[in-house]
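Undergrad: Line order of the protein sequences matches chains B and E.
At position 115 of the first sequence the residue is numbered 115 (the working numbering), and the sequence of numbers has no breaks.
At position 151 of the second sequence the residue is numbered 151 (the working numbering), and the sequence of numbers has no breaks.
Treat the hints with care, as some may be off.
Okay, the calculated beta carbon distance ranges per label pair [unchecked claim]:
no., chain 1, residue 1, chain 2, residue 2, range
1, E, Ala-212, B, Ala-321, 22 to 30 Å
2, E, Ile-215, B, Ser-199, 51 to 59 Å
3, E, Ala-44, B, Asp-98, 43 to 51 Å
4, E, Glu-79, B, Ala-321, 39 to 47 Å
5, E, Thr-289, B, Glu-382, 32 to 40 Å
6, E, Met-255, B, Ser-61, 36 to 44 Å
7, B, Glu-382, E, Ala-212, 21 to 29 Å
8, B, Gly-195, E, Ala-212, 38 to 46 Å
9, B, Asp-37, E, Ala-4, 53 to 61 Å
10, B, Ser-61, E, Ala-4, 46 to 54 Å
Here are some, though not all, of the chain B residues that point toward chain E, as calculated from beta-carbon distances under 10 Å [said to hold, decoys possible]:
no., residue
11, Gly-203
12, Val-295
13, Gly-297
14, Leu-303
15, Ala-305
16, Arg-307
17, Arg-309
18, Gln-314
19, Gln-384
20, Ile-388
Keep in mind the hints are simulated off the structure, nothing from the lab.
Computed from a prediction, not measured in an experiment: that's the story for all the values here.
C-beta atoms are modelled at their ideal positions from N, C-alpha and C, and glycine is treated no differently.
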Amino acid sequence: MTTGFVPPSNRGLEGGDPPDIAEFRAALRAWLDAHHDELAPTYAAPGTLDEHVAQMQRVKSLLFDAGWMRYGWPERVGGLGGSPMLRTELGATMAGRDLIDPGMYSLVEVLAPTLIDFASPELAADVVPRLLSGAEMWCQGFSEPGSGSDLASLACRATPDGAPATAASWIINGQKVWTSLAQYSERCVLLTRTGTPESRHRGITTFFVDMDTPGISVVPLEMINGVREFAEVFFDDVEVPAERMLGELHGGWGVAMSILPYERSSCFWQRIAYLYQRLQRLVEVVPEDDRTAEVVGNAYLQLHALRARSRATQHRLADGATLGAETSIDKVLVASAEHATYDAARRLLPGVVATDDGIVGEIWRAEYLYSRAATIYGGTAEVQRNIIARRLLDLGEEG
Amino acid sequence: MEAADRALLSSTVDAAVANAAAPGAAPVSVDDALDDLGWREMLAAEPRDAIEIVFRALGAHNATATALDDVLASTLGHEPGPDVAVVLPPFGSSAPPGHIDGDRMHAAGLATRRASTADRLLVVSADGSSLQIASVVASNAAISDVAVSTIGGIDPAGQWCSVRVDASTDIPALATSPLDGATWESAIAAGRRALAHQTVGAARGMLDLARAHAIDRVQFGRPVAGFQAVRHRLADALVAIEALEACLDAAWDEMGSETAALAKAVAGKTGGTVATHCQQVLAGVGFTTDHPFHRFLKRTMMLDGLLGSADEIVLQLGRALLADRTVPTLLEL
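Just chain B, same shape as in the assembly (with noise of 0.2 Å):
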């Protein structure tokens, strides 16, 4: 506490240096502590989806207003700038108390870069706020029915009206899929094929697109655990303005690609406080003995090595290194832990995942279900390795 750092909303929001992060983690605890009702879910558990998706954008916007959401973001942006890391600390703290979801608050740590990155300074300047302070949602529109993880295969046409150097707009056909909380975004980071369809990686781009745009339809899809996160986004002769290009035109991997360090690096560290705390959880529940022990022993142990992991990875980032194909192993690493965190849960209270229909059935039995997916999304497990065996261990082309 030496450099005096008071909590932004204590101190008026312009002055003063950005703490460290010790500083600030101590400090926003304490905030936290101190507005613990105002903060709390209002539903029922286990909640909807929609009130998941409002407790977000209630808690964001209390952040926000409070100072804390705009610590770790650029002043241009409207952040009051500091290390990334405070943001970092910001998303897991909240995590670790179940004032959101870090799967559907990591959209914020991977889009909003996104814009400050390749966004006009105007554009960005005017959104980010928006999306920071929980007044607006916005999707990733990545995925399509062909394209998993061959991404580059992707098909999803913008074609410009006109030249491609002088066009005002560009017309979007085509389909995405798994886009997460799309039914409730006002915006997407869309990749589209702008190039030939054998183009590949370099013949992609960006645009930043509005979902209320005539042509774009959403249709939710039911995942495995009953919840409708996410969608199935079709868009049918769409126009979007040029100035929403997010890049150069073909430089659209990119920018894709451009989002992996922060999806690697701070949305891992807030999934680790979720899990850490879904541990947490299960072990005030289960009873006293070596079988049980044994089981919430070796979760923990995947955990601390997981989070061991990660915290170099974010001192590496924050130490201005780039981070490429070695993050792969972070990923292999916090998808096996959230399966074993889970495995963990489900050995442990196995009637209460498979029979429970009451609350606390209904929560283990759809987060157990959801954790399934860790080794799918944001590149599967299999494509982990693959990558690990060509860039890491150097084993030469496959086959």
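Since chain B is already given, all that's left is putting chain E on it; use the hints.
TA: Relative to chain B, chain E alone:
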């Protein structure tokens, strides 16, 4: 230590240990090589760098050495030296090897090969709820029951010893004094970090062997490294090693018995995971004593059992989590 100094020291130590541990070298030569490098002075001045660099090199070259005695003796508050050995807990355990029963001390545990030649054996014993440390003068005729024997077991090249002590606590040659529980915990933690670094070296050694084999070995007209099933095994081995390295960095940055215990448990599991994958990739050749793999496999099995196996640490950890009903997050940004 500056990064450049550290890199230089690391390559110097690695080369010296590799040379001394090469097949045909005299069995004492790794310890001699470490003495020549000033290992105990390094340990006193820069413990983190010294332990990390030396133990990683010991693991990488399957070296038989007794540096663990120096780590433990110095943490237990004794001047380390080539004639001071420490009695380790029995295989798998981290409990003190001895206990005091009235005026008798009984101890049974493991030791490095230094125990067979040392003048003094440091023996930690439970005395009710407190601890005692004895500095046993091994050659003293007044203590008739100090038995040190070299064990073969799974890792005969390691020249590990079994130690039994049965003595009266009254005799001056035993030099027993109270030991703070926290000091014992620190010694276990220091030893665990060292052994985990040794496991990193051994695990990387196994992965290097398996990777080289996968690239060289041709079947069905192509290197087996081209097969996804082989690639994924090697990828999983690397994931385990990198996680262990991260746990070790964390164990030094946030020093304490918890982070050291976790690093040692992860080391035990990593040794097993890496050995399993690499042995499968090495296939037939890894099943022979002509190939160096078997020495890594056997050494890592032994290392897991020293100062608490992964299974033992996980069980204790789980019991503590259930007793407290609290899941601590030990590492912060």
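Undergrad: Taking the hints in turn, state whether each one holds.
TA: Hint check:
Distance hint for Ala-212/E and Ala-321/B: a CB-CB separation of about 29 Å, consistent with the stated range 22 to 30 Å. Between Ile-215/E and Ser-199/B the C-beta distance comes to about 33 Å, which lies outside the given range of 51 to 59 Å. Look at Ala-44/E against Asp-98/B: about 48 Å separates their beta carbons, and that is inside 43 to 51 Å. Judged by the Cβ atoms, the range 39 to 47 Å given for Glu-79/E and Ala-321/B holds: they are separated by roughly 42 Å.
At roughly 35 Å, the beta carbons of Thr-289/E and Glu-382/B sit within the given window of 32 to 40 Å. Between Met-255/E and Ser-61/B the CB atoms are about 41 Å apart, so this pair conforms to the stated range of 36 to 44 Å. Checked against the given bound of 21 to 29 Å, the beta carbons of Glu-382/B and Ala-212/E, roughly 24 Å apart, stay inside it. Between Gly-195/B and Ala-212/E the CB atoms are about 41 Å apart, so this pair conforms to the stated range of 38 to 46 Å.
Checking the proposed 53 to 61 Å range against Asp-37/B and Ala-4/E shows it holds: the Cβ atoms sit about 55 Å from each other. A hinted range of 46 to 54 Å holds for the C-beta pair Ser-61/B and Ala-4/E, which are about 50 Å apart. With 10 Å as the threshold, the beta carbon of Gly-203/B stays out of range of chain E, its nearest partner Cβ sitting at about 28 Å, so the hint is violated. Look at Val-295/B: its Cβ gets to within about 7 Å of chain E, closer than 10 Å, so that hint holds up.
Checking Gly-297/B against chain E by beta carbon gives a least distance of about 3 Å; that is within 10 Å, so the hint holds. The restraint placing Leu-303/B at the interface with chain E holds, with a minimum CB-CB distance near 8 Å, inside the 10 Å limit. Here the hint on Ala-305/B is kept, as its CB sits about 4 Å from the closest CB of chain E, short of 10 Å. Annotation: Arg-307/B was flagged as interfacial toward chain E, and the flag holds, the nearest CB pair being 5 Å apart, inside 10 Å.
Because the beta carbon of Arg-309/B sits about 4 Å from the nearest beta carbon in chain E, less than 10 Å, this interface hint is met. Because the closest C-beta pair between Gln-314/B and chain E is about 6 Å apart, less than 10 Å, the hint holds. Interface hint status for Gln-384/B: upheld, as the beta-carbon distance to the closest one in chain E is roughly 8 Å, under 10 Å. At its closest, the beta carbon of Ile-388/B sits 4 Å from a beta carbon of chain E; the interface hint therefore holds under the 10 Å criterion.
Hint check: violations occur at hints 2, 11; the rest are consistent with the structure.
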